[in-house]
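Number of protein chains: 2
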Amino acid sequence: MKALIMSEEGFEDSEVLAPYYRLLEAGLEVDVAAISKGPITGKHGYQVEANTTFKKVRPGDYSALIIPGGRAPERVRISKDALRTVKQFMKDDMLVASICHGPQVMISAGVLDGRKGTGWKGIQDDMKAAGVRVMDKEVVVDGNWISSRQPEDLPAFNREIMNAIGIVK
Amino acid sequence: MKALIMSEEGFEDSEVLAPYYRLLEAGLEVDVAAISKGPITGKHGYQVEANTTFKKVRPGDYSALIIPGGRAPERVRISKDALRTVKQFMKDDMLVASICHGPQVMISAGVLDGRKGTGWKGIQDDMKAAGVRVMDKEVVVDGNWISSRQPEDLPAFNREIMNAIGIVK
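As you go down the protein sequences, you meet chains A and B in turn.
Each residue of the first sequence is one higher than the last, beginning at 4 in this note's numbering.
Each residue of the second sequence is one higher than the last, beginning at 4 in this note's numbering.
Think of the hints as simulated: they come from the structure by calculation, not from any bench.
It is possible that some hints are incorrect.
One copy or two, either will do: identical chains are not told apart, so a pair holds if it fits within one copy or between any two.
Unchecked claim - Below, simulated SDA-like cross-link-like pairs (lysine to any residue); rule was C-alpha separation at most 20 Å, straight line:
1. 90 <-> 153
2. 83 <-> 64
3. 140 <-> 29
4. 140 <-> 30
5. 140 <-> 27
6. 5 <-> 169
7. 46 <-> 155
8. 5 <-> 155
9. 46 <-> 154
10. 5 <-> 162
11. 46 <-> 13
12. 119 <-> 144
13. 94 <-> 47
14. 131 <-> 159
15. 58 <-> 138
16. 119 <-> 74
17. 124 <-> 60
18. 46 <-> 166
19. 83 <-> 131
20. 94 <-> 42
Nothing here was measured: the structure is a model prediction, and the numbers come from that model.
Go ahead and model the full structure; you've got the sequences and the hints to work with.
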């Protein structure tokens, strides 16, 4: 079973590392995609190796897509290849988990109208404008979309990802 | 069920956050102890709130002790109260999990002679001098002591902590 993390320079370090390590702990294979292959660096200086690119990703290869926050989503959302992947996941009703600024990518992919979810308080107005019923909860599960607000929500975020993967298995 | 993390200023951020979030995800209550109550700051700038002190900790209240790395263990090991807690956990055969520089605290507590384990490569000579049979593995489980070398080992480290807690439950 394989999961995909889509991120870029300036990611919120704990929002990449905690789900990444959690998925590896559970025995999943995890690919990290960015604009180019190679190391990407978080706001706090952690480096993670992108082993694939937005262009090369084939959505059908994965059971789950994780979109962490930080400043990365503003870079990810301008990649048409990244948006193509998000649209495919949502169309196929596959698991998409976003945290913090992660929903910025989903807004640009045009996949949030009529959905329930949450995100970083500083982008909640943009989420509302995109048609989301925004809730102030540590985690919101709306069908295939799991969303959380911030790093402190990571225990609940990871718990719901693991629950959803358990169901998919 | 309750777990205790003992750390201080200069902790390796991911080595506190990943186990902390993992234990919370599993529904455990987690106390963080330091020399004084209040926020402690990691090498990468993350802050974690110490809600208790080495002096106030009663080892019998906890099922597991986690000792993360970074520069924190050199501060923790000079606290007699912290060493008292480590000694009690080891005497009672309760779960102790150390990663990276964490074993420095256990060396000062004098509890490692004759044990098998691992730690950051830069302190492996000190571990050997303290009587440890050091192994170059992502995680070593020696009875009640679980040990890992570095942040990249966190998936295996957390997996063994959860296995051990599952047995204790």
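Now for the hints, and whether the structure bears them out:
Taking the closest pair of Cα atoms, residue 90 and residue 153 never come within 20 Å of each other, the shortest separation being 23 Å inside a single copy and 37 Å across copies. Taking identical chains as interchangeable, the C-alpha atoms of residue 83 and residue 64 lie at most 20 Å apart only when both belong to the same chain, with a minimum of 19 Å there against 53 Å between chains. For the homomeric pair residue 140 and residue 29, the shortest alpha-carbon distance between copies (19 Å) is at most 20 Å, but the shortest distance inside one copy (25 Å) is not. Taking the closest pair of Cα atoms, residue 140 and residue 30 come within 20 Å of each other only across two copies (17 Å); inside a single copy the shortest separation is 29 Å, beyond that limit.
In this homomeric assembly, residue 140 and residue 27 come within 20 Å of each other (Cα to Cα) only across copies, at 16 Å, whereas the closest approach inside a single copy is 26 Å. Only within a single protomer do residue 5 and residue 169 lie at most 20 Å apart by alpha-carbon distance; the minimum there is 13 Å, versus 26 Å between protomers. With identical chains, the CA atoms of residue 46 and residue 155 are at most 20 Å apart both within one copy (16 Å) and between copies (18 Å). With identical chains, the CA atoms of residue 5 and residue 155 are at most 20 Å apart between copies only, with a shortest distance of 19 Å across copies and 25 Å within one.
In this assembly of identical chains, the alpha carbons of residue 46 and residue 154 lie at most 20 Å apart whether taken from the same copy (13 Å) or from different copies (17 Å). Taking the shortest Cα distances, residue 5 and residue 162 sit within 20 Å of each other both inside one copy (17 Å) and across copies (18 Å). For a Cα distance limit of 20 Å, the shortest separation of residue 46 from residue 13 qualifies both inside one copy, at 5 Å, and across copies, at 17 Å. Proximity of residue 119 to residue 144 under the C-alpha cut-off of 20 Å is restricted to the intra-copy arrangement: shortest distance 8 Å within a copy versus 43 Å between copies.
Taking the closest pair of Cα atoms, residue 94 and residue 47 never come within 20 Å of each other, the shortest separation being 34 Å inside a single copy and 38 Å across copies. For the homomeric pair residue 131 and residue 159, neither the shortest alpha-carbon distance inside one copy (23 Å) nor that between copies (40 Å) is at most 20 Å. For a Cα distance limit of 20 Å, the shortest separation of residue 58 from residue 138 qualifies neither inside one copy, at 33 Å, nor across copies, at 41 Å. Taking CA atoms no more than 20 Å apart as the test, residue 119 paired with residue 74 passes in neither setting, with 23 Å inside one copy and 43 Å between copies.
In this assembly of identical chains, residue 124 and residue 60 lie within 20 Å of each other by CA distance neither inside one copy nor across copies; the values are 30 Å within and 36 Å between. In this assembly of identical chains, the alpha carbons of residue 46 and residue 166 never lie at most 20 Å apart, being 29 Å within a copy and 32 Å across copies at closest. Taking CA atoms no more than 20 Å apart as the test, residue 83 paired with residue 131 passes in neither setting, with 23 Å inside one copy and 54 Å between copies. Within a single copy, residue 94 and residue 42 get their C-alpha atoms no closer than 30 Å, and across copies no closer than 44 Å, so neither meets the 20 Å cut-off.
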